[in-house]
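Engineer: All chains, full assembly: derive it from the sequences and hints.
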Amino acid sequence: MAINNAKTFDRASIRDALEDIKHYNGLVKTYAPPFTKTRHDALDVNDYFMATYDANGAIVPMNKGTK
Numbered sequence: 019m020a021i022n023n024a025k026t027f028d029r030a031s032i033r034d035a036l037e038d039i040k041h042y043n044g045l046v047k048t049y050a051p052p053f054t055k056t057r058h059d060a061l062d063v064n065d066y067f068m069a070t071y072d073a074n075g076a077i078v079p080m081n082k083g084t085k
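Under the numbering used here, the residues of the sequence shown are numbered 19 to 85, in order.
Take the hints with a grain of salt, since some may be wrong.
DSSO-like mimics (lysine-lysine), calculated; alpha carbons at most 30 angstroms apart, straight line [to be verified]:
1) LYS25 / LYS82
2) LYS40 / LYS55
3) LYS40 / LYS25
4) LYS55 / LYS25
5) LYS47 / LYS25
Here are the simulated distance ranges between beta carbons [to be verified]:
6) TYR66 / TYR42: 15 to 23 angstroms
7) PRO51 / ALA30: 16 to 24 angstroms
8) GLY75 / MET19: 32 to 40 angstroms
9) ASN74 / ASN43: 25 to 33 angstroms
10) TYR71 / ASP38: 35 to 43 angstroms
11) ARG29 / PRO79: 18 to 26 angstroms
12) THR70 / ARG33: 37 to 45 angstroms
The set of hints was computed from the structure by calculation and includes no laboratory data.
Heads up, the beta-carbon is just placed ideally off N, CA and C, and yes, glycines get one too.
Structural biologist: Dropping the structure here:
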């Protein structure tokens, strides 16, 4: 997407194109925006969680503070 928008493989142009994406429906979440000039990580601390498996092998999110 960013390379297509930048119309070049120039690194600075691709970075600028990434920073210019306003909205993206991703696999994990909807990003609005995914990147900015000061934030180059699309995911933040709220997007991660710890999980365990239940007796049936399903992934179950752990509560915060659970050990």
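Engineer: Now, for every hint given, state plainly whether the structure supports it.
Structural biologist: Hints versus structure:
no.: 1; hint: LYS25 / LYS82; verdict: violated (44 angstroms)
no.: 2; hint: LYS40 / LYS55; verdict: holds (12 angstroms)
no.: 3; hint: LYS40 / LYS25; verdict: holds (18 angstroms)
no.: 4; hint: LYS55 / LYS25; verdict: holds (20 angstroms)
no.: 5; hint: LYS47 / LYS25; verdict: holds (27 angstroms)
no.: 6; hint: TYR66 / TYR42: 15 to 23 angstroms; verdict: holds (19 angstroms)
no.: 7; hint: PRO51 / ALA30: 16 to 24 angstroms; verdict: holds (18 angstroms)
no.: 8; hint: GLY75 / MET19: 32 to 40 angstroms; verdict: holds (36 angstroms)
no.: 9; hint: ASN74 / ASN43: 25 to 33 angstroms; verdict: holds (30 angstroms)
no.: 10; hint: TYR71 / ASP38: 35 to 43 angstroms; verdict: holds (41 angstroms)
no.: 11; hint: ARG29 / PRO79: 18 to 26 angstroms; verdict: violated (38 angstroms)
no.: 12; hint: THR70 / ARG33: 37 to 45 angstroms; verdict: holds (38 angstroms)
Comparing the model with each earlier hint shows violations of hints 1 and 11; every other hint is respected.
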